[in-house]
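If you want the building blocks of each chain, they are given just below.
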Amino acid sequence: MKLKSYFWTFAIGVVCLTAWEILVHLLGTSELVMPAPTRIADVLWKSLSNGYLWPHIWQTLLEVFWGILLGGLMGFIGGIALGESKHLRSLLMPYVVLSQVVPKLALAPLFIVWFGFGVLPTVVMTALICFFPLLENTVTSMQQVDPQKLELFRMLRANKWQTLWRLKIPSGLPNIMAGFRVAVVLAWVGAVVGEFIGSSKGLGALIIAAQGSMDTPLMFAVLVVITVLGISSYWIVQIFERRFFYS
Amino acid sequence: MNSDSVITRNEPKTQHLLRLREVSFSYLDGVETLHNIKLDLAPGEFHCLIGRSGCGKTSLLKLAAGLLLPTGGEVVWNNQLLDVPQNDMGFVFQHPTLLEWLDVLDNVLLPISLHKKINKQDTEQAKNLLQRMGLVNSFHDKPAELSGGQQSRVAIARALITSPRILFMDEPFASLDAITREELQADLMDICAEHKTSILFVTHDIGEAVYLGDQVSVMVEGKIHRTLTIELPQPRHNAIRHSPEFNRYSASLRQAMEGAV
Chain A
1 MKLKSYFWTF
11 AIGVVCLTAW
21 EILVHLLGTS
31 ELVMPAPTRI
41 ADVLWKSLSN
51 GYLWPHIWQT
61 LLEVFWGILL
71 GGLMGFIGGI
81 ALGESKHLRS
91 LLMPYVVLSQ
101 VVPKLALAPL
111 FIVWFGFGVL
121 PTVVMTALIC
131 FFPLLENTVT
141 SMQQVDPQKL
151 ELFRMLRANK
161 WQTLWRLKIP
171 SGLPNIMAGF
181 RVAVVLAWVG
191 AVVGEFIGSS
201 KGLGALIIAA
211 QGSMDTPLMF
221 AVLVVITVLG
231 ISSYWIVQIF
241 ERRFFYS
Chain B
1001 MNSDSVITRN
1011 EPKTQHLLRL
1021 REVSFSYLDG
1031 VETLHNIKLD
1041 LAPGEFHCLI
1051 GRSGCGKTSL
1061 LKLAAGLLLP
1071 TGGEVVWNNQ
1081 LLDVPQNDMG
1091 FVFQHPTLLE
1101 WLDVLDNVLL
1111 PISLHKKINK
1121 QDTEQAKNLL
1131 QRMGLVNSFH
1141 DKPAELSGGQ
1151 QSRVAIARAL
1161 ITSPRILFMD
1171 EPFASLDAIT
1181 REELQADLMD
1191 ICAEHKTSIL
1201 FVTHDIGEAV
1211 YLGDQVSVMV
1221 EGKIHRTLTI
1231 ELPQPRHNAI
1241 RHSPEFNRYS
1251 ASLRQAMEGA
1261 V
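As you go down the protein sequences, you meet chains A and B in turn. Take the first sequence: its position 208, counted from the start at 1, is 208 in my numbering, and no numbers get skipped. Take the second sequence: its position 116, counted from the start at 1, is 1116 in my numbering, and no numbers get skipped.
Next comes chain A alone, as it looks inside the complex (with noise of 0.2 angstroms):
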């Protein structure tokens, strides 16, 4: 049953792509506007094979990376701070949903001006992004815990610390979970945008070089890079959440 609907999603997609192809053709589309999924593989191919894709692909990971990282942890650990502490909330909520609805896009070149121009201001411009789903996510799991497994711990006589470990945090970790997949989906358009403006390396760096230099397979090319690595990211976390969570 599995295989079958494996199948026909994979059907789906190559109807899609032949269609693609040859309505480009009957058309006589300029390469310019839309080029065909056989010329956007074969540059594909040819910009992975000469080694010209791979510098930017590391680079793009690398701030997705420690953007990710910068950006998940201080989310959890901000996530734990308010969601425990009522005051807190109260007092830093309004600011961190401030910071979420500032557009980030616009917040680039500031971070230029702040940062310089390479890596730090993608990663900081990922981090940012990365940040709220799982602090959003985490303060709703620490407030979300079954009342009457609190009363257990107190009955227990178990120490704020303790609660903390080992009942909030593992009751919330599906949730959390989540919130680290919307992350890490996200921080792909962190750092993509942030290239966009802040990077002259990168897979979003090398979309803008190609528009520049009028290289629409190029652009498409990168485009399936990024998908790709996207897709493979969220798939790796899943992996491991099934792995080592519940397993």
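Just so you know, the hints here were simulated from the structure itself, not pulled from any lab data. What you are looking at is a predicted structure, and each value in this text was computed from that prediction instead of being measured. Treat the hints with care, since some could be wrong.
Said to hold, decoys possible - Computed cross-link-like contacts, DSSO-like style, restricted to lysine-lysine with a CA-CA straight-line distance of at most 30 angstroms:
(1) B:Lys1038 - A:Lys201
(2) B:Lys1120 - A:Lys160
(3) A:Lys2 - A:Lys86
(4) A:Lys149 - B:Lys1117
(5) A:Lys149 - B:Lys1038
(6) B:Lys1127 - A:Lys149
(7) B:Lys1142 - B:Lys1120
(8) B:Lys1223 - B:Lys1127
(9) A:Lys149 - B:Lys1142
(10) A:Lys46 - B:Lys1120
(11) A:Lys149 - B:Lys1196
(12) B:Lys1038 - A:Lys160
(13) A:Lys149 - B:Lys1120
(14) B:Lys1117 - B:Lys1038
(15) B:Lys1117 - A:Lys160
(16) B:Lys1127 - A:Lys160
(17) A:Lys160 - B:Lys1142
As the list claims (entries may be wrong) - Short derived list, chain A residues pointing at chain B, Cβ under 10 angstroms:
(18) Asp146
(19) Lys149
(20) Arg157
(21) Lys160
(22) Gln162
(23) Leu164
(24) Arg166
(25) Leu167
(26) Pro170
(27) Phe245
Heads up, the beta-carbon is just placed ideally off N, CA and C, and yes, glycines get one too.
We have chain A; now place chain B onto it with these hints.
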């Protein structure tokens, strides 16, 4: 428990393990949930609290366990004023409240693992208790893999692992089918008689109260309306549920519950 809270009044030290003296309690809304409760529990005694939903049974149980503090009167545990739960108390909640990310054995060992490193002896004790509760092949199952009755058994084993002197139970069998409930009642009575554990047991099932209890207190609107001593022979077997005395006790409890309204 403060050392200065030791009861020093001129009264003979009784053998009561738990005493509630003129206890009143209100939640934050100020409406009094419990009024002037007097209740004594001797070592090894099985005391049932029975009453309709919302009559204050659970609040009384939590006060007796130190999970709530009285707004009037005092709760005396082992001749000292009670202000927090003690290590020789166990509590079984209405729902099994097992930690779903731990296996059965780790759930049972939780009361110990929170305070010290688990040793081989603790594990053996947990396994013995689980065996005693009929859960031989489920040591490493997760709670979600167990039936409702099995989960209740694990919750009872967890409450008993520290060999408490008293067990507080809040309608622990309410959601189980009749046969599983009767099996668990019998197992509970056996184990507690074996360890001489006192039990304060909340239920709304008259038959359950008569079958289990040495004493049954009927609660109505936050007060103990009547306490009945059940003088059925021990150990009690299922057949006793069909005896005339059992029915007489059930009828008088029902009368007490209805008459008070």
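Satisfaction of hint between B:Lys1120 and A:Lys46, Cα-Cα up to 30 angstroms:
Answer violated: A:Lys46 to B:Lys1120 is near 62 angstroms, above 30 angstroms.
(Q) A:Lys149 and B:Lys1120 were given as a pair; does the straight-line alpha-carbon distance stay at or below 30 angstroms? (A) holds, 27 angstroms
Taking only the CA atoms, is the gap from B:Lys1127 to A:Lys160 under or equal to 30 angstroms?
-> holds, 29 angstroms
Q) Are the Cα positions of B:Lys1038 and A:Lys201 separated by 30 angstroms at most? A) Not satisfied, since the Cα-Cα distance of roughly 78 angstroms exceeds 30 angstroms.
- Message: Given A:Leu164 as an interface hint, is its Cβ closer than 10 angstroms to any Cβ of chain B?
- Response: violated, 13 angstroms
So, A:Gln162 near chain B? Judge it on the closest CB pair being under 10 angstroms.
holds, 6 angstroms
Hey, does the A:Arg166 contact hint survive, CB to chain B under 10 angstroms? holds, 7 angstroms
Self-check item: 30 angstroms Cα cutoff - pair A:Lys149, B:Lys1142
Solution: Satisfied, since the Cα-Cα distance of roughly 17 angstroms is no more than 30 angstroms.
- Take a quick look at whether A:Lys149 and B:Lys1117 sit within 30 angstroms of each other, Cα to Cα. Holds - the C-alpha atoms of B:Lys1117 and A:Lys149 are around 22 angstroms apart, at most 30 angstroms.
* Asked: Taking only the CA atoms, is the gap from B:Lys1117 to B:Lys1038 under or equal to 30 angstroms?
  -> Distance ~40 angstroms between B:Lys1117 and B:Lys1038 Cα, so the pair is violated.
#### Entry: Proposed proximity, B:Lys1196 with A:Lys149 (alpha carbon, max 30 angstroms)
Between A:Lys149 and B:Lys1196 the Cα gap is close to 27 angstroms, so the pair holds against 30 angstroms.
Original post:
Given the proposed pairing of A:Lys2 with A:Lys86, does the C-alpha separation stay at or below 30 angstroms?
Top reply: violated, 46 angstroms
The structure does not agree with the numbered hints 1, 3, 8, 10, 12, 14, 21 and 23 stated previously, though it agrees with the rest.
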